[in-house]
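Input sequences plus hints: build the corresponding full structure.
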Amino acid sequence: MYGLSLNNTDLDFKTLEKTIYKTVCDIACNCLKDVLERLDLMLSARRDPKEYKNKGLKKTSIHTVMGTVEYSRRIYKTQDENGRNQYIFLLDKYLKSETIGRVSSNLAEKIVERALEEPYRKTAQAIESLSNKGLSHTAVWNVVQVVGEKLDAQERQLIREYQQGKSKGQRCVKVLFHEADGIWLSMQGKDRPCKGKSKKKELKLAVNYEGWKKRAGQKEGYVVHNKTVCSGFSSSREFKELWDATVAENYNTDEIEVRIINGDGASWIKAGLGEEGSHFQLDPFHISQAIIKKVPHKKQASKLKRFLRQGEVDKGFDYLTELLIQNNKDQDKFKKLEDLYNYLARNHEGLIPFHLRGIDLPKPPQGLEYRTLGTMEHNVCDIVALRMKGRKMSWSINGASHLAKLLAARASGTLYANLDGLLGGAVSEEKLEEVIEVVLLSAAEVNKKPKESKFYKIQESPVPFTGKALTEGRKAIQRLVGNRIASELVYR
Numbered sequence: 000m001y002g003l004s005l006n007n008t009d010l011d012f013k014t015l016e017k018t019i020y021k022t023v024c025d026i027a028c029n030c031l032k033d034v035l036e037r038l039d040l041m042l043s044a045r046r047d048p049k050e051y052k053n054k055g056l057k058k059t060s061i062h063t064v065m066g067t068v069e070y071s072r073r074i075y076k077t078q079d080e081n082g083r084n085q086y087i088f089l090l091d092k093y094l095k096s097e098t099i100g101r102v103s104s105n106l107a108e109k110i111v112e113r114a115l116e117e118p119y120r121k122t123a124q125a126i127e128s129l130s131n132k133g134l135s136h137t138a139v140w141n142v143v144q145v146v147g148e149k150l151d152a153q154e155r156q157l158i159r160e161y162q163q164g165k166s167k168g169q170r171c172v173k174v175l176f177h178e179a180d181g182i183w184l185s186m187q188g189k190d191r192p193c194k195g196k197s198k199k200k201e202l203k204l205a206v207n208y209e210g211w212k213k214r215a216g217q218k219e220g221y222v223v224h225n226k227t228v229c230s231g232f233s234s235s236r237e238f239k240e241l242w243d244a245t246v247a248e249n250y251n252t253d254e255i256e257v258r259i260i261n262g263d264g265a266s267w268i269k270a271g272l273g274e275e276g277s278h279f280q281l282d283p284f285h286i287s288q289a290i291i292k293k294v295p296h297k298k299q300a301s302k303l304k305r306f307l308r309q310g311e312v313d314k315g316f317d318y319l320t321e322l323l324i325q326n327n328k329d330q331d332k333f334k335k336l337e338d339l340y341n342y343l344a345r346n347h348e349g350l351i352p353f354h355l356r357g358i359d360l361p362k363p364p365q366g367l368e369y370r371t372l373g374t375m376e377h378n379v380c381d382i383v384a385l386r387m388k389g390r391k392m393s394w395s396i397n398g399a400s401h402l403a404k405l406l407a408a409r410a411s412g413t414l415y416a417n418l419d420g421l422l423g424g425a426v427s428e429e430k431l432e433e434v435i436e437v438v439l440l441s442a443a444e445v446n447k448k449p450k451e452s453k454f455y456k457i458q459e460s461p462v463p464f465t466g467k468a469l470t471e472g473r474k475a476i477q478r479l480v481g482n483r484i485a486s487e488l489v490y491r
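Under numbering that gives the first Met the number 0, the first residue of the sequence shown is numbered 0, with each subsequent residue one higher.
For the record, the hints were derived by calculation from the structure and aren't laboratory data.
Quick caveat, the model's predicted, so the values are computed rather than measured.
Don't take each hint at face value.
To be verified - Mimicking EDC-like on lysine to aspartate or glutamate, the simulated pairs with C-alpha atoms at most 20 Å apart in a straight line are:
| # | residue 1 | residue 2 |
| --- | --- | --- |
| 1 | 95 | 108 |
| 2 | 95 | 25 |
| 3 | 173 | 368 |
| 4 | 32 | 79 |
| 5 | 218 | 368 |
| 6 | 92 | 79 |
| 7 | 239 | 275 |
| 8 | 92 | 329 |
| 9 | 92 | 69 |
| 10 | 92 | 50 |
| 11 | 149 | 248 |
| 12 | 165 | 151 |
| 13 | 57 | 36 |
| 14 | 54 | 39 |
| 15 | 226 | 190 |
| 16 | 13 | 127 |
| 17 | 297 | 254 |
| 18 | 335 | 317 |
| 19 | 226 | 321 |
| 20 | 13 | 25 |
| 21 | 314 | 348 |
| 22 | 21 | 11 |
| 23 | 226 | 381 |
Here it is in structure tokens:
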């Protein structure tokens with residue numbers, strides 16, 4: 000513990016807090032070590048010796064939220080159904096111990112939480128201050144990759160179930176909104192594109208939601224309702240399958256009558272437009288961005304945007320044609336306007352906002368509204384860009400994909416449910432009672448009096464001259480040793 004003294008001028012609350020926290024964590028680690036080893040001993044006594052042959056103790060360690068726990072557990076030789084020898088730890092099997100390397104599932108969850116907010120090095124520093132144990136940024140990276148890979152495998156299984164018609168979405172809605180966009184990330188090493196000057200690859204992102212509801216505590220604010228997100232570097236066809244599988248996992252697709260798809264016109268976004276009830280809308284932000292970049296004057300750009308915003312597409316193209324004629328002698332301006340014309344023409348079917356098309360939309364559920372689309376840039380920024388873009392960052396495909404899938408799970412509100420499933424080490428109530436019993440036994444031993452042979456009485460004595468007649472000299476000696484511990488009484 001800590002040697003207390005009022006003469007210690009270096010003592011402050013921060014130091015005291017850290018010292019006590021470390022001490023408590025060390026005690027907890029020792030307690031966990033004792034519990035694990037006692038459970039292992041109990042399992043050894045209960046096992047069938049003919050089926051499980053004890054091959055001795057093996058030392059191991061595991062990083063936990065309290066620090067590193069070092070303990071020993073027994074390894075057993077047994078045989079599988081085919082008669083082949085295999086070696087197992089009954090303790091791990093009993094507790095369904097799920098670790099990533101030597102990191103416990105609880106600590107892995109904390110690591111993932113921090114890694115979604117900040118770089119791996121900063122995450123490692125934060126975990127060190129919280130868990131009484133230092134981890135390298137490589138260990139943090141490894142945890143994210145393992146969890147991300149498990150999430151990726153879960154998505155592949157989801158796609159297989161969708162292809163086989165086994166998806167079991169339960170939510171029933173008449174209208175579903177979809178928005179999608181890509182974000183270009185800098186790549187590194189062998190994953191960097193070989194052709195062209197660009198060192199980037201597009202990460203695809205898709206968002207689904209049921210409508211808008213009032214944001215709590217705000218008069219004008221709205222928030223989308225029941226948002227689900229998926230992401231990946233996959234091809235257009237593969238990503239479309241993931242997108243559809245994500246929808247089918249959550250919704251009874253037979254009940255969906257109208258789908259509104261908002262995007263920038265990329266082919267992978269428009270892939271499902273042949274389906275009945277699907278309507279494409281060109282993203283308002285991308286329309287505005289293209290016009291501002293290509294139209295030479297602000298007033299002309301504002302006029303063109305107004306035509307398209309009001310659904311007057313023919314007037315918009317007529318006005319754009321006039322601008323082309325006016326600028327036919329300026330090659331640079333003409334080329335920009337021509338590119339804009341072609342972009343809008345390629346996405347002609349999506350230029351009229353969906354609410355101006357006369358689409359027969361079912362009545363929205365109570366508490367929801369159907370508003371204009373255009374949330375995707377905000378979603379790209381909040382879900383991916385803030386964590387993965389800028390600050391001289393570059394990625395491998397696997398590294399970026401795994402982190403992006405965790406970010407998508409967080410945006411969908413399923414991160415912790417996924418972590419519980421992927422890292423799950425659920426302990427039954429019966430097992431929990433046994434663990435509690437062992438903990439109580441371990442705690443009881445703390446207060447047990449040691450055997451007589453190992454018991455050493457602490458020597459005590461009163462302050463000198465207590466109860467005696469005091470002279471000035473004796474008073475000085477009492478003041479000298481009063482409220483002092485023995486270790487401070489050193490002759491200098």
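Do the hints match the structure? See the list:
1. In summary, the hint linking residue 95 to residue 108 is supported, as the alpha carbons are separated by about 17 Å, within the 20 Å threshold.
2. A hinted pair counts as satisfied when its Cα atoms are at most 20 Å apart, and residue 95 with residue 25 does not qualify at roughly 24 Å.
3. At roughly 13 Å between alpha-carbon atoms, residue 173 and residue 368 fall within 20 Å of each other, so this suggested pair holds.
4. For the hint pairing residue 32 with residue 79, the CA-to-CA distance comes to about 30 Å; that exceeds 20 Å, so the pair is violated.
5. With a CA separation close to 15 Å, the supplied pair residue 218 and residue 368 stays within the 20 Å bound.
6. Our distance criterion of 20 Å between C-alpha atoms is met by residue 92 and residue 79, whose separation comes to about 15 Å.
7. The suggested pairing of residue 239 with residue 275 holds, with an alpha-carbon distance near 17 Å, which does not exceed 20 Å.
8. At roughly 76 Å between alpha-carbon atoms, residue 92 and residue 329 are farther apart than 20 Å, so this suggested pair is violated.
9. Our distance criterion of 20 Å between C-alpha atoms is met by residue 92 and residue 69, whose separation comes to about 18 Å.
10. Restraint check for residue 92 and residue 50: the C-alpha separation of about 15 Å stays at or below 20 Å, so the hint holds.
11. For the hint pairing residue 149 with residue 248, the CA-to-CA distance comes to about 18 Å; that is within 20 Å, so the pair holds.
12. Between residue 165 and residue 151 the alpha-carbon distance is near 19 Å, which keeps this suggested pair within the 20 Å criterion.
13. Proposed proximity of residue 57 and residue 36 is supported: the alpha carbons are some 11 Å apart, at most 20 Å.
14. Between the alpha carbons of residue 54 and residue 39 the distance comes to roughly 13 Å, so the proposed pair stays at or under 20 Å and holds.
15. A C-alpha spacing of about 31 Å is found between residue 226 and residue 190, which places the hinted pair above 20 Å, so the restraint is violated.
16. Distance hint between residue 13 and residue 127 is fulfilled; the C-alpha atoms sit about 16 Å from each other, no more than 20 Å.
17. Simply put, residue 297 and residue 254 have alpha-carbon atoms about 45 Å apart, too far for the 20 Å limit, and the pair is violated.
18. With a C-alpha separation of about 17 Å, the suggested pair residue 335 and residue 317 falls inside the 20 Å cut-off, and the hint holds.
19. For the hint pairing residue 226 with residue 321, the CA-to-CA distance comes to about 42 Å; that exceeds 20 Å, so the pair is violated.
20. At roughly 18 Å between alpha-carbon atoms, residue 13 and residue 25 fall within 20 Å of each other, so this suggested pair holds.
21. A C-alpha spacing of about 15 Å is found between residue 314 and residue 348, which places the hinted pair at or below 20 Å, so the restraint holds.
22. Taking the CA atoms of residue 21 and residue 11, the gap is near 16 Å; set against the 20 Å cutoff, the hint holds.
23. Of the supplied pair hints, the one linking residue 226 and residue 381 holds, its CA atoms being roughly 13 Å apart against a limit of 20 Å.
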